[in-house]
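**Q** Full structure from sequences and hints, please.
Going down the list, the sequences are from chains W and G. Be aware that the first sequence starts at 412, since it is given in this note's numbering, and climbs by one per residue. Be aware that the second sequence starts at 256, since it is given in this note's numbering, and climbs by one per residue.
Hints may contain errors.
[Claimed, not checked] Cβ-Cβ distance ranges computed for the label pairs, FRET-style: (1) W:Ala-540 - G:Val-344: 15 to 23 Å; (2) G:Asn-552 - W:Leu-600: 47 to 55 Å; (3) G:Ser-476 - W:Ala-454: 35 to 43 Å; (4) W:Leu-417 - G:Glu-486: 19 to 27 Å; (5) W:Ala-540 - G:Thr-303: 31 to 39 Å.
By construction, these hints were calculated from the structure, which means they are not laboratory data. Every residue, glycine too, gets a C-beta built ideally from N, C-alpha and C.
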Amino acid sequence: MQSYSLVRDLTKTLIGIIVVGLLLFPLYWMLNASLQPRTALLAAVPSWFPNPPIFSGYENAFATQGQSILTSCFVAVSSSLLSLVIAAPCAFALVTFRMRWATILIFALLLVQMIPNIVMANSLYTVFARANWLNTYQALILSDASLSCPFAILLIRAFMVTLPRTLTEAALVDGATYWGAFFRVILPLSRNGIVTAGLFCFLFAWSDFLYALTLSTKQKIVPITLSLYQFIGSHGTDWTSLMATAVLASLPPIILLLVGQRQIAAGLMGGAVKE
Amino acid sequence: MLRLRWMRRKLRQPESKDLAVIDSIKAPDAVSVRRNTYVWTRRLLPWTFMAPAIAFLLFMFAYPLFSNVQMSVQHVTVGSFLTGIADYVGFDNYVDLFHDPLFLSSLQRTAVFTVFSIAGQMSIGMGLALFFWRAFPLSTALRALMLVPWLLPLVVSATIWQWMFDLDSGVINYVLTSLNIVPDRVPWITSVSFAMIATVITNIWVGIPFSMAVFYSGLQSLPREILEAAELDGASKWQRFWMVILPMLGPLTGIVFTLSVTYTVKVFDLIFILTGGGPANATQTLATYAYQRSFRNFDWGHGAAIGNILILIALGFAYFYLRSYRQSLQKEGAD
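**A** Given below as structure tokens:
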């Protein structure tokens, strides 16, 4: 009986590895292509392993994409910080004060997340064109923050709801103001929720392509996603460097998943589905 | 007067534990002035926390969307941006669209893209969730790995699939021809008849992790007793799935469905990179068509009108999601 269930378990593990292997095959294929010379990539029979691996693609990618990676980092970090600074106090208010407005605001936050990005890009372009803000960092940072801020408010709120209400009340009885209770009691206790929200804000901004495409018309601000797209156009068949660039662009999400796996799985649930 | 209104509101909320309610009812006249300022700060206090968020929402959503509606009833050209003048044309832009064959076919293709993507994502996601339901060695690690496609920038996913779908050097054609599944290499991206299939496959791949993760968490919360009872009563695996598990997951399935619809109708990056809406508009959906009208043809009026129609479609489905969200909020309030 014991050995039967062990065999069954191991069979499941084996099937699981095959299934996950198939699902993640495109990622392996990207890595594989990034380490092969052009001639091997265009051969009639593909090489399943880079033999031997070459790194010219990465040298090329670092040489041409360094600036874009820095741009992406700067924009993503700034817009995440902006999102969190706006989101955390708002989430606290939604949890602490019982107002009829709170429900309306929550619904507004859910709704704006469902507005197609292309519509937002269209509208934001005209707004920023009027303000003469096209091709500026602030326009891109604000737009990327609009991708993540509503999500961050809901996520941090879902986290703060789980903290006992008596914590704030105790702080108030001890003579703290609401802002004091927020900064010294609730904010430190919500650290996990805020880190999770921050991870997602960073990912949203890092992955953004549409705002980068539409709000920069002069090639002045080129994040890695836009750069990758332009690479396809200009180096059509240099798949080695293209795939090396794609690997660089996917590193931050993969690193974040490895570091914050638990948080990300929780965030996936917290923001999207309320039990 | 204001204070009375405030008191009435407070009294209508029996769950409020605020001692100030009782105080203010019996407030002696001598302190009523101080109480008034107290009431005012209490009323304004929440807004000091929410002001940045509300300002952000107004500036980044309300105002742009308002100007989008405004543009959709105007004849907007490149010159309009310079002069700020655009003629009011009423609903002409919308009327034009419903006589535009490309708009109508884009609408149709959006529906096809959405239906097939969601059918694929949800069924594969559910299958994987069932497979991972009962833990086995390494199952947690494998589940975590499966989230990667969902976190990847869509630009990267689309680039990889473009490479895999490549006519001459793509691995998909190599495998299909080596196994004799197809006689000749398939022009996935470059042919009118296959481009839509290629985009749907790519989009399914991107969406599987999300539906799997949500269904998995739903399965975890099912009550064990009912499942065991069904098993004891001799229900087969198949019967248990269709007659016990699926009905119990009903509400969750509805949420995954509506979220997937609102996500899928707006897919832009993926199609734009993979096929650019082509060849010959074979993968042009409302999102890419709106982009083309606005940013390629500089025809902002029609672009805005397409966008507004897209919003209506997304929000139509969102209604069901919001209704279930509201129920969960009310439950939360009752605790």
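**Q** Determine for every hint whether it applies to the structure shown.
**A** Each hint tested on the structure:
At roughly 20 Å, the beta carbons of W:Ala-540 and G:Val-344 sit within the given window of 15 to 23 Å. For the hinted restraint 47 to 55 Å between G:Asn-552 and W:Leu-600, the CB-CB distance of approximately 53 Å keeps it satisfied. Taken as a hint, the range 35 to 43 Å is violated for the pair G:Ser-476 and W:Ala-454, whose Cβ atoms sit roughly 51 Å apart. Separation of W:Leu-417 from G:Glu-486 is about 21 Å and conforms to the stated range, judged on CB atoms against 19 to 27 Å.
Checking the proposed 31 to 39 Å range against W:Ala-540 and G:Thr-303 shows it holds: the Cβ atoms sit about 33 Å from each other.
The structure is inconsistent with hint 3 alone, although it conforms to all the rest.
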